[in-house]
Amino acid sequence: MVKRIGDSDFGLYELGDPNSLFYTILEKNPKVSYLQGKELLFQVYENVFGIYDYLGQDSKEKTITSPDQKHPLSSIEMHPAELNSGSEQKYDQISRVFADCKISTYFGISWIEFMSLPVEHAERLLRIAQDSNRSANAVQTAVMNDLNKAANNK
Amino acid sequence: MPHNQPPRTTIPRGNSFTPFAATPPPPSESNTDATAIPESAVEKTIIAPNSTERTVIAAKADNYDFKQQYSAPVLDDTYAELSLPSGTAADTAKALRDTPNLKLENNPKLGKYLNVIQSGLEVLPFAEGLVSAAQRADAHYVQSVPSAVGELQATAPRFKKKEGVKYTGESARHLMRSALKLGTVFHVPLWHSGFWVTLRSPSEGELLELYRTITADKAQLGRSTYGLLFANTTVYTNRALLDFVIDNVYETSLKLPENEDLRKHIKMQDLSILIWGLACATWPNGFVYNRGCIADIDKCQHVVTAKLNLTKLLATDMTRLTERQISHMTNRQRGAMDLEAIKRYQEDFIQGHEKLVVLNDSLSMVLEMPSASEYIDAGYKWIGSIEDRYARAMTIGEESREDYLMQHAQATSMRQYAHYVKKLIVDGEEIDELEDVDALLNEMSSSNGIRDPFMKACAAYLDESVISLIAIPTYECPSCGLPQKKAEPGKAFGELIPLDVSQAFFPLLIQKLRQIQER
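Residue numbers (our numbering), protein chains in the order written: chain A, 6 to 159; chain B, 1011 to 1529.
Simulated from the structure, these hints should not be mistaken for lab results.
One thing to keep in mind: the hints can contain errors.
Computed cross-link-like contacts, SDA-like style, restricted to lysine to any residue with a CA-CA straight-line distance of at most 20 Å [said to hold, decoys possible]:
no.	chain 1	residue 1	chain 2	residue 2
1	A	Lys-95	B	Glu-1219
2	A	Lys-36	B	Arg-1399
3	A	Lys-43	B	Arg-1402
4	A	Lys-33	B	Leu-1444
5	B	Lys-1274	B	Leu-1444
6	A	Lys-33	B	Glu-1219
Bound conformation, chain A alone:
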């Protein structure tokens, strides 16, 4: 599974390894020009932090025949690890919870109004709505059980 930049521990441990590619290059690579140095360190960064595997992809590209598998724009590609989609997912999740809990039905507020409530207020509404939904589901289940029982008795 790809570790994403939005994860709180992304990048915290990678440079702790003394044998990491970053330090190996920094200590042993022969001197290069300034621009080459920047490019090299940047590629090493992407490799070490799991953003894009230049070494693996480079060697693979030599044997790949299908053009779809090649990455000619790798230096400017949007790599999965750098996708800032965490917040988008969280928006989706909040929206789903808003719909599932029937916040609008219970409290008569829109999604925009809900999102602009202070956090503790929003959480309170969610708790109340979840409790109400649970009670409603329990009543519904009991009624269905009674109806089924009555139908079976006939």
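Chain A is fixed; fit chain B onto it per the hints.
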């Protein structure tokens, strides 16, 4: 050692921009002596673990007096969790060193305990920063400062309804929140800056935007520093958090000219107070916290679990404030103070304003506490230097690359204090242009004779200038009954443990956002 500090030392890192990370000079002998307190002066009531009664941890020691409870029992499980340290990094490291035979096998309780200890270390300021300020023997830290109009403290005030006033916009929103008894706004005293800010509680949508901003910054800065920045998250989270705080300022007691940026008038030491204030406004219901006993790890691995009242963690050193300053801070109303009043307030400080430091016969410097925006700017300047430094190192033969990086790491270590240097005085000539000061600091960095006293003077200046900080007191373990720090004969063990606010509360935001997924 916090896990985000790579332990390797072959190539000099020099990549910490942490003004609060100053390694303070060791406490003087007189300081240590002054911590002695008679046994009778310590008042502690700690009830048995798992009790449903209120946990009272009120300690009275030489330099602090925490009367208000920061801790309460956990009544439900809807709160995010935070691990707090039981001692400073040095005390915790010593406790762990003294217990070399801990075995994790078949002991899940020990696993949880060690996790609490490890996570607790992560919310301590880097390199024992603020520890000597918190343990200043001549300090008297209090949670509220007494004044002629009552206690001055950070609070969530009740909204006062005024007859005949039409409520519109933001004030209508506050009226509604107040009527619903939700944490409306939170007053925070900025003792270093000399005014009050009132923060409003942000919404869930705004917190999501903050998360998105910080992640986007992290991605961009990670690329421009080859990932070296990831070990030092405070640089980029502090800017986003400061901007977020400013966006959530409801009002301030400082009357600013139109278009004037509030950030310029907030002193750097108040940045963490503001971030803490925002956490108080955001989560008025507090957090569950865990603290693991480090008194004698072989015998006791008890973890205290209780609910933290964030609002009780602001500790202010009364001895640093004059009566005139306290009187000035009684004016909390919107726009009650002008810039002249703030200037007078700051001039009253014995410590923390301009200070002349003589480094040698021909070199002196004038130190001044930077504003929050100057601190953030300096952090970004430092970020900019990383890319250049490492790329330039690659243009040098590998045999001398380490020396090059070492030299620049030394320069960096001095440059991290550059924003404290108002001017340098070289042979009687004053140099005060920012670029010139930076360039001279770079040149001086190779001289141990200047670098060491420079670093020491800056660290001492930073330490002396702290008036208020976010801290928790040490405690006695409710299970083994031992204090978390062993008292030397006749000396106090009660002391404050400063917290790194952005490290402590930003992960809570992530944790809260994760909880959304579990609803």
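Hint check:
Proximity of A:Lys-95 to B:Glu-1219 is assessed by CA-CA distance (about 11 Å); at most 20 Å being required, the pair is judged to hold. Restraint check: the Cα-Cα separation between A:Lys-36 and B:Arg-1399 comes to about 14 Å, which is no more than 20 Å; the hinted pair holds. Between A:Lys-43 and B:Arg-1402 the CA atoms are separated by roughly 8 Å; this keeps the pair inside 20 Å, and the hint holds. Annotation: proposed proximity of A:Lys-33 to B:Leu-1444 is violated, straight-line Cα distance about 37 Å (limit 20 Å).
Among the hinted pairs, B:Lys-1274 with B:Leu-1444 is consistent with the structure: their alpha-carbon atoms are about 16 Å apart, no more than 20 Å. At roughly 42 Å between alpha-carbon atoms, A:Lys-33 and B:Glu-1219 are farther apart than 20 Å, so this suggested pair is violated.
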